[in-house]
Amino acid sequence: MKQSFYLAIKYLQFHRVRTLILVCSIGLILYLPAGLQKLITESETQMLGRAEATPIIVGAKGNSTDLVINTLYFEQTKIDELALKTLDILAETKFGYSIPIISIFNARGFPIIGTNLDYFNFRNLSIQEGRNLQYVGECVVGHSVAEKLGLSPGDSLISSPENYLDLAGVYPLQMTIVGILEPANTSDDIAVFTDMKTNWIIMGLGHGHQDLKNVNDPNLVLDRDSSNVTASTKLYIFNKIDGRDMGSFHFHGDMNNYPITSILFVPDNHKSATLFRGRFESGEINEQVVVPSIVVENILQNIFRIKQIFNTVFILVGVATLFILGLIVILTLRLRKNELNTMFTIGSSLNKTVEIIGFELLIIVSFSVVVAFILYSFTGIFVEDFIRQFII
Amino acid sequence: MRNSIIFFTLILLVSCGTDPKTQQYNQSEKLQVAVVNYPLYYFAQKIGGDLIQLEFPIPGDIDPAYWIPGDKALTAYQSADIILSNGADYAKWMKNVSLPASRIHNTSGAIEEKYIKLRESGSHSHGPDGEHEHAGYAFTTWLDFKIALTQAKAVKDILLNKLPENKNELDENYNSLKTELLLLNELMTKASDLIGDQFIIGSHPVYQYLAQAYDLHIHSVHFEPNEMPSENQWIEFDQLLEKYPSGIMLWEDNPLPEVKEILNSKGIQIIVFNPCGNKPESGSFIEIMNMNIKTLENILNQ
Chain B
331 MKQSFYLAIK YLQFHRVRTL ILVCSIGLIL YLPAGLQKLI TESETQMLGR
381 AEATPIIVGA KGNSTDLVIN TLYFEQTKID ELALKTLDIL AETKFGYSIP
431 IISIFNARGF PIIGTNLDYF NFRNLSIQEG RNLQYVGECV VGHSVAEKLG
481 LSPGDSLISS PENYLDLAGV YPLQMTIVGI LEPANTSDDI AVFTDMKTNW
531 IIMGLGHGHQ DLKNVNDPNL VLDRDSSNVT ASTKLYIFNK IDGRDMGSFH
581 FHGDMNNYPI TSILFVPDNH KSATLFRGRF ESGEINEQVV VPSIVVENIL
631 QNIFRIKQIF NTVFILVGVA TLFILGLIVI LTLRLRKNEL NTMFTIGSSL
681 NKTVEIIGFE LLIIVSFSVV VAFILYSFTG IFVEDFIRQF II
Chain V
111 MRNSIIFFTL ILLVSCGTDP KTQQYNQSEK LQVAVVNYPL YYFAQKIGGD
161 LIQLEFPIPG DIDPAYWIPG DKALTAYQSA DIILSNGADY AKWMKNVSLP
211 ASRIHNTSGA IEEKYIKLRE SGSHSHGPDG EHEHAGYAFT TWLDFKIALT
261 QAKAVKDILL NKLPENKNEL DENYNSLKTE LLLLNELMTK ASDLIGDQFI
311 IGSHPVYQYL AQAYDLHIHS VHFEPNEMPS ENQWIEFDQL LEKYPSGIML
361 WEDNPLPEVK EILNSKGIQI IVFNPCGNKP ESGSFIEIMN MNIKTLENIL
411 NQ
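The listed protein sequences derive, respectively, from chains B and V. Sequential numbering from 331 applies to the first sequence in my numbering. Sequential numbering from 111 applies to the second sequence in my numbering.
Here chain B stands alone, though its shape is the one from the complex (with noise of 0.2 Å):
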């Protein structure tokens, strides 16, 4: 037995394109339902764990799919905005709290969050280097933003324009990176987060610039009287905020018309959810109200749908490679007569012959297990990206 191993690991080291070909097609076709079933697994495991952590989210009319997604997996899908005072208006029905979320900019192709300080408590994130948002033009970036960046605290970001030929559109932001979150697994990791000021500041509705009223050139300011002071557009405005600037920096307008894109709301308890769901249902609430795993639900009950498909697809296939590896092995016989009549002419038994070609097969299968097995521990890193790619 020792020596027809022996002969079948001579033989396949001696056929090495052939054999390595069939170990890493075998594996392939062993690793893809099982990976498939693993994503998908760990993808509605993900998706609805962040979904269940979210009780309520309240969005202006339209697609709650897209709501939901922008909201808690911040994929910036273009939905309607809804106005700051939204806020207290559900402050009023007094059943909880409210979390806003602007996401809508990006920086470096990573989602800007805008929100404020109870996020980070309402999904339990942690600071791991640096410390938490303090002044407006801040940010504090997801790990996995830090990891592929290679950003750390005192780095900048800046926010990219909305479109590239709008040349007196939302004009970029310097902010400055002071936190790294912690890993969390979640889309969390992927965003770079920043109080709602900068998102306004980054859309143009608030800005720092130089004090009017120290400034005598001309060339900037136009005309000037009692109550009134023109500036040209040549007046500097800061594309970046540090302390010194702070409080130069203002917002124009009513803020309780400034745009948000959805509202977390969380409830008190039972009762108080149960109670502003029955404010929406009378209409008393008239932005869109979600309960977020409900709309993930029917996500996720088209995956299943393509699952069975898929798994369908890969049991053909496995039949068909079977097929394949038979007729490979039989192909394989017939090229080796030579070989095998040699092998009676000098004493070798048939069962010996048949146990040689028995180990071969056995190697290159175990080594077929091996490839799917080490694709299988690999398939978790995707989960995130398969996700983003395929699910929403």
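Fair warning: there could be bad hints in the mix.
[What the hints assert, rightly or not] Some, not all, of what chain B presents toward chain V, calculated at C-beta under 8 Å:
1. L463
2. Y465
3. K527
4. F581
5. N616
6. V619
[Claimed, not checked] Taking CB as the label site, the calculated pair distances span:
7. V:N408 x B:D584: 40 to 46 Å
8. V:D303 x B:Q504: 35 to 41 Å
9. B:L605 x V:P274: 17 to 23 Å
10. B:D584 x V:E282: 27 to 33 Å
11. B:T407 x V:I396: 55 to 61 Å
12. V:I345 x B:D418: 41 to 47 Å
13. V:D173 x B:D584: 24 to 30 Å
14. V:N408 x B:D418: 41 to 47 Å
Simulated from the structure, these hints should not be mistaken for laboratory data. All of these numbers come straight from a predicted model, not from anything done at the bench. Using N, Cα and C, we set each Cβ at its ideal position, and we do this for glycine too.
With chain B's structure known, arrange chain V on it following the hints.
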């Protein structure tokens, strides 16, 4: 349908968060209350007493309305269980920092319709936004002692929400403060009767609520107690005096002796009416306010 209702109910049961307002502090520790000015500090101290731990990280020599917090002070506010704000645009720094919104309580929220709109710093325009102004509301709301009482009641309600088991103590403390504030209101009403229709000059535009509540005709300039006004400021002052002839001027603190001399030469008597935005060197809010009213009465009775 039935299944989805059960599912929805289960989800809500699982996911209803605990209110961070009640979650943030350990019952064995004192409730941390951060305030933005001295009147609120005084109200919270009088009502909460030993039940609360007060945070007021603003240095004594700074007007809390224009203070900008450093990292350490801001951390104190961020970690407080309750942040008592004054409302009416007081402490503009709150707009430019990150705070846990669910823990901020506007103590004057109930009287928002009484806020006095300002247009003090003029407007300006630049870029495509057109003309805009940075002034907001007058903010020394507590100088109307009825508003001060509303703010004190808001403080009591907020504390009661957190410490319901201490209702009797909080109610008792609040009632004692209420008596003091109502007395101040009565005294100020009497003083306003003495003033009648006289014009009063304010050294700074901080007396709007005092004027509104007690029907006073106060017109203000922008004089600082520790600075000699510029020539332009004196011209502005004379113009104001010509328009609103007055013999008394309210100051937040004693002006420089030379300023006092000039004002006396113009026939104007100085009355220090300290708004008490920050902790006084000595005395309490009520004592300072009593002193303000007494000084006013003394001058008027001369």
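Hints violated by the structure (numbers, ascending): Checked against the structure, the hints that fail are numbers 5, 6, 8 and 10, while the rest are satisfied.
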